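Enquirer: Chains as they are written, first to last, in the working numbering: chain H, 2 to 362; chain U, 2 to 362; chain W, 2 to 362; chain D, 2 to 362.
Hint data in this document are derived by calculation from the structure and do not stem from the laboratory.
Don't take each hint at face value.
Copies of the same chain look alike in the list, so a pair counts if it works inside one copy or between any two.
[To be verified] The calculated EDC-like cross-link candidates involving lysine to aspartate or glutamate, where the alpha carbons are at most 16 angstroms apart (straight line), are:
#, residue 1, residue 2
1, Lys-258, Asp-204
2, Lys-59, Glu-177
3, Lys-98, Asp-36
4, Lys-258, Glu-202
It should be emphasised that the depicted structure is a prediction, and the values quoted were computed from it without experimental measurement.
Residues per chain, in single letters:
4 protein chains.
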Amino acid sequence: MNTWGKNFKITVFGESHGRCVGVVIDGCPPGIEIDLVKIQKEVDKRKPGQNLLTSSRKEEDKVEIFSGVFNNRSTGAPICLIVFNHDVDSAKYEKIKNLPRPGHADFPAFFKYHGFNDYRGGGIFSGRLTLAFVMAGAIAQNILEREKIKVLAYTKQIGKIKAGEKSIKDILKNREENLINCGDLEAARKMEKLIMKVKKEKDSVGGVIECCILNLPIGLGEPLFDNLESKIAQGIFSIPAIKGIEFGSGFFGATLKGSENNDQFYLRKGRIVTKTNNAGGILGGISNGAPLVFRVAVKPTPSIGKPQHTVDLVKKKARILQIEGRHDPCIVPRAVPVVEAITSLAIVDLWLEKKIKDIYA
Amino acid sequence: MNTWGKNFKITVFGESHGRCVGVVIDGCPPGIEIDLVKIQKEVDKRKPGQNLLTSSRKEEDKVEIFSGVFNNRSTGAPICLIVFNHDVDSAKYEKIKNLPRPGHADFPAFFKYHGFNDYRGGGIFSGRLTLAFVMAGAIAQNILEREKIKVLAYTKQIGKIKAGEKSIKDILKNREENLINCGDLEAARKMEKLIMKVKKEKDSVGGVIECCILNLPIGLGEPLFDNLESKIAQGIFSIPAIKGIEFGSGFFGATLKGSENNDQFYLRKGRIVTKTNNAGGILGGISNGAPLVFRVAVKPTPSIGKPQHTVDLVKKKARILQIEGRHDPCIVPRAVPVVEAITSLAIVDLWLEKKIKDIYA
Amino acid sequence: MNTWGKNFKITVFGESHGRCVGVVIDGCPPGIEIDLVKIQKEVDKRKPGQNLLTSSRKEEDKVEIFSGVFNNRSTGAPICLIVFNHDVDSAKYEKIKNLPRPGHADFPAFFKYHGFNDYRGGGIFSGRLTLAFVMAGAIAQNILEREKIKVLAYTKQIGKIKAGEKSIKDILKNREENLINCGDLEAARKMEKLIMKVKKEKDSVGGVIECCILNLPIGLGEPLFDNLESKIAQGIFSIPAIKGIEFGSGFFGATLKGSENNDQFYLRKGRIVTKTNNAGGILGGISNGAPLVFRVAVKPTPSIGKPQHTVDLVKKKARILQIEGRHDPCIVPRAVPVVEAITSLAIVDLWLEKKIKDIYA
Amino acid sequence: MNTWGKNFKITVFGESHGRCVGVVIDGCPPGIEIDLVKIQKEVDKRKPGQNLLTSSRKEEDKVEIFSGVFNNRSTGAPICLIVFNHDVDSAKYEKIKNLPRPGHADFPAFFKYHGFNDYRGGGIFSGRLTLAFVMAGAIAQNILEREKIKVLAYTKQIGKIKAGEKSIKDILKNREENLINCGDLEAARKMEKLIMKVKKEKDSVGGVIECCILNLPIGLGEPLFDNLESKIAQGIFSIPAIKGIEFGSGFFGATLKGSENNDQFYLRKGRIVTKTNNAGGILGGISNGAPLVFRVAVKPTPSIGKPQHTVDLVKKKARILQIEGRHDPCIVPRAVPVVEAITSLAIVDLWLEKKIKDIYA
């Protein structure tokens with residue numbers, strides 16, 4: 002359902018063209034500084050209308066605190082954060098309400114909800130709901146920062162253009178210097194051109210985001226269903242448009258031999274380390290102290306201006322659909338802060354779990 | 002934790018070299034036929050020691066019913082199924098108990114549990130725990146069969162050898178005619194040879210499993226955190242050795258344009274269909290009536306006979322480790338029924354959820 | 002935590018003197034009529050400032066829909082309802098913020114939250130949070146009405162004054178004709194006098210509420226932890242000021258013999274019935290078709306104008322406290338709709354659960 | 002369903018006349034000593050056949066560890082404990098399988114499960130399932146003991162005979178010196194006589210158990226649905242035969258004025274204390290440092306030898322039922338360790354929750 006997490010639990014509500022998007026965060030320990038400016042800064046990173054590469058929907062996306070905060074600190078009661086929708090242009094959805102857009106939830110949602118779903122802008126299935134993840138994630142990041150844990154995502158690939166391997170330091174720096182959160186400036190320029198090109202073609206393009214978690218202590222993740230991979234994957238796939246995830250060497254690792262893929266252990270200055278990180282920082286579903294690394298596949302934005310075949314759901318007649326709306330030619334750059342947010346939520350939840358398990362350590 | 006599911010909930014317990022592996026299934030509707038022979042048949046598919054390609058551990062893996070069944074039918078009370086361990090050869094684990102095996106949970110588990118974990122055979126982190134998934138999955142499959150829903154997994158790739166595209170009919174037939182659950186007989190022969198080769202080299206190899214769900218009704222999957230992709234991914238990553246998952250066109254789809262990746266809608270004999278299935282049967286996290294298709298990356302078995310570097314956890318000294326145990330040179334074939342089981346569990350849980358939502362349809 | 006329910010799940014947030022009180026309802030089937038007028042009517046029943054017997058806090062308590070409703074019907078997405086606080090008079094709480102009020106959560110909350118809790122008006126511990134239960138309960142009642150299930154609560158006792166036994170028909174009628182939701186008009190007059198008397202004394206008084214559920218089908222309630230009694234009790238004790246609950250003959254039944262307390266079975270017009278209802282409609286935690294009956298003990302409002310001993314939490318000095326605020330001399334009448342609401346929520350959750358279990362009936 | 006708890010989670014399975022009764026405990030921190038002798042000792046306290054006052058069913062009730070324990074300590078993996086049933090005398094249930102016993106779950110269970118339930122001995126509805134609570138509770142008590150928290154239950158009333166007020170010290174001592182776990186030896190003698198008398202009459206009698214928790218730190222219990230009263234009540238009502246619960250002054254307190262019922266605060270040797278404990282150690286659902294006190298109403302055992310009216314469920318004919326089985330004339334004494342167990346489970350779960358909330362204290 003719409004609640005996620007055991008210890009740091011979020012409940013999400015809202016619609017793309019309804020009144021608002023909101024989130025209730027339950028389980029935040031009391032006394033955490035809740036800095037609205039900081040939350041707003043995270044939210045601004047995924048805001049539409051930032052530049053020519055993103056949707057022209059103009060939303061201020063101003064975060065408002067509805068509960069759980071007193072004197073700028075968490076009280077221990079549930080924290081409710083809400084962003085009101087303003088630039089809602091539902092008229093065009095009214096026209097196509099019986100014409101399911103290819104690649105969107107429209108078609109199955111119509112049948113699932115027997116026609117009662119809010120179809121405007123996709124309703125709860127809209128990517129706009131990820132705003133809730135980012136608001137909650139900003140508070141999770143607050144907690145992780147106290148522990149020096151850093152969650153860092155960046156654009157790894159757009160279409161067939163891949164970013165080169167860069168050091169974390171370079172990625173952190175470069176990411177701020179281009180519009181698409183890429184860690185490789187040269188690749189970023191090519192990616193930006195590609196996005197502008199598909200935009201002109203009234204088309205869209207997909208890509209890959211890589212996420213890296215630094216300074217994660219050993220021992221996060223519970224056996225079986227709340228292991229690190231299960232937890233992160235469950236969260237990540239709640240982001241619309243994500244169609245794949247791989248940890249460490251992932252699908253490539255599946256082509257290797259054990260002797261090639263295993264990360265062997267060595268001693269370095271008294272610490273046990275590995276030289277390779279094919280495991281992506283996770284063994285048996287538990288963090289092993291190496292950087293946690295995963296990549297996610299983002300499909301090309303399904304909303305495109307090109308004419309597409311569809312069928313009128315009520316009249317059962319073939320139709321041609323040209324989507325007019327304001328859509329991102331590539332959702333990858335705006336999905337980067339969302340991947341960071343949802344990952345931070347997963348990590349905080351497991352980190353709090355670890356605190357319980359460490360009670361008699 | 003070790004419980005999964007909302008409506009059809011499983012709780013797993015046991016260890017590789019402890020007394021047993023067991024599962025409690027809560028939420029099974031009353032009146033379902035519980036056929037021990039059928040459950041046993043599923044369990045036998047993942048049994049070790051079946052042929053030269055698998056581990057030589059000899060376990061009868063006899064399923065026993067401990068509760069919840071009366072007159073061969075589910076009573077509505079929780080169903081407990083247990084398999085006792087017999088061929089437990091812990092001696093070799095005693096020798097290497099402070100020497101973490103590369104690619105295994107040993108290393109992080111030692112720190113996570115402050116040395117209290119049952120290290121023998123990996124304890125709860127052993128692939129043997131998937132036995133519990135298969136027992137529970139067999140009952141889930143019972144329910145799906147009544148609904149004509151068919152979950153079908155098969156080996157798609159071993160190392161760099163890929164199976165060719167085959168029809169579902171051919172896959173179903175071919176899968177039974179080779180030792181590695183592959184749908185392409187020609188590829189299967191090459192895959193078998195590769196596995197025998199790495200076995201001789203005291204090495205191992207990974208691969209890819211594809212899973213297909215047929216006859217799934219439109220509308221399974223809940224928005225946000227219990228959408229089909231989140232739910233399946235959470236379950237799938239609870240299988241040790243899985244390091245990636247992709248739905249439909251997945252990572253390849255991420256390189257495409259929207260106009261290439263979207264599945265457009267057409268009318269065929271009064272039904273709304275798509276010609277392509279890049280979405281893998283899932284739009285907005287909900288089933289759209291097309292076959293649900295996903296692939297998972299299986300890493301090469303980390304236990305290999307080749308000498309590997311490790312470090313004594315207690316003495317903090319570099320060591321060379323040669324793992325003697327009885328291990329699968331390739332875990333892919335035995336993981337196939339496990340993927341089917343865990344997928345069936347996810348589907349039944351969401352199918353029951355749909356029943357609630359359909360109440361006023 | 003602040004989420005309750007499995008199938009019809011509510012998440013509550015807000016504070017007495019914060020911005021609002023709100024609730025997110027997750028799991029409401031799509032297509033249910035959501036009539037804001039009706040919800041408002043339920044909310045108005047517990048509104049303060051209605052008459053001389055209640056707190057003089059003046060709140061409009063206007064319910065606003067934030068999500069999940071489209072064209073006046075539930076969409077299947079989470080429904081968020083919010084009431085903004087207006088008549089917030091926090092100044093007096095500032096003065097006594099270190100002086101815990103006897104009988105209130107102030108004292109343990111200060112220590113639990115290490116001083117970070119919102120102490121104004123009790124924060125999340127305020128009875129005002131029950132507003133959220135009533136909003137959500139109104140939607141639950143919508144569903145129950147479709148099934149002809151009727152949840153009916155009424156004042157049974159104020160101080161030592163007990164209402165006489167009346168028929169359901171009389172209770173329904175009489176309840177509307179007095180200010181304290183009592184089913185016995187004669188007793189009601191005495192109760193009203195008593196409440197006015199303690200009010201003048203700057204004191205308060207407690208009482209007992211009885212709740213009756215009519216037309217409940219046989220078979221609601223799950224074995225062990227979600228049985229009817231466990232479920233209702235968990236909900237009921239989330240209402241501040243409730244200190245006891247008993248089902249059927251309850252504490253009196255504990256003094257009886259089995260032959261006196263058992264409800265024997267008889268045939269009446271082809272139906273199996275009992276003549277007595279000492280079980281209160283529940284056997285083994287499951288509804289048995291008889292009216293479900295329980296009573297709850299409501300403690301006297303802890304906020305009283307009389308001087309009381311307290312201790313300054315920071316200065317650790319004895320102090321005399323005279324609570325000025327606007328408080329109910331007796332909370333019982335306003336708790337009646339809250340008991341109905343929380344009971345309705347419990348029943349709907351179990352009723353949806355029954356739908357799953359009945360799948361193969 | 003059959004799983005309870007958030008951090009210290011139990012899943013219960015088994016039947017009265019099936020193969021076993023079992024429990025899986027998930028969330029027990031690693032490194033806790035698991036002393037089978039101690040668990041067995043707790044289990045023995047509720048064992049049938051101990052003396053003339055209890056059922057003559059002879060069960061060894063030998064606890065067996067199935068998982069989660071290694072070298073006598075918890076590993077962090079789920080702990081499964083099982084007791085096999087031996088003295089199963091199902092023949093008499095076969096005879097009366099269509100004759101619902103008054104006061105038992107038979108009648109609603111038949112309809113709920115559409116005839117598929119295991120009716121022998123009540124199946125999952127049997128009081129024998131409380132064995133699972135006691136096994137798990139023994140491990141919970143282990144944790145509480147480390148924290149010096151003591152959960153103490155005792156017989157307070159049998160029929161109309163009440164125990165006098167005694168000090169905790171006296172109760173602890175006296176409780177061991179009579180067969181019915183009463184803290185008042187004089188009352189105990191009268192109670193024993195009453196039980197023998199109703200036994201001779203082929204009847205039964207109910208009673209009241211009081212439970213007291215000592216040394217509970219301030220701050221246990223979460224706002225709203227996991228407050229101390231909600232949590233304990235939910236657990237307590239999962240014990241068959243419990244029909245009421247009250248905390249502190251409870252139903253009597255509901256007849257008082259606020260000035261009489263409030264526990265005022267005083268300073269004693271630098272600590273803030275109350276002289277009275279009408280709140281039963283709970284304010285706003287949170288522990289306040291005073292002893293937590295509650296009482297539960299236990300109904301008279303419904304199984305009695307006296308002839309009773311019932312109706313054949315299948316033939317729909319009136320019948321007279323004389324229950325032959327082996328039943329307790331009074332279940333109160335054997336329910337005492339069960340109340341302690343379930344309370345300990347509730348407290349440990351909330352105590353672990355508190356640990357999370359205290360992270361930044």
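Enquirer: If a hint holds in the structure, say so; if it does not, say that too.
Expert: Hints and how they fare:
| no. | hint | verdict |
| --- | --- | --- |
| 1 | Lys-258 - Asp-204 | between (40 angstroms within a copy, 7 angstroms between copies) |
| 2 | Lys-59 - Glu-177 | neither (22 angstroms within a copy, 52 angstroms between copies) |
| 3 | Lys-98 - Asp-36 | neither (40 angstroms within a copy, 24 angstroms between copies) |
| 4 | Lys-258 - Glu-202 | between (44 angstroms within a copy, 10 angstroms between copies) |
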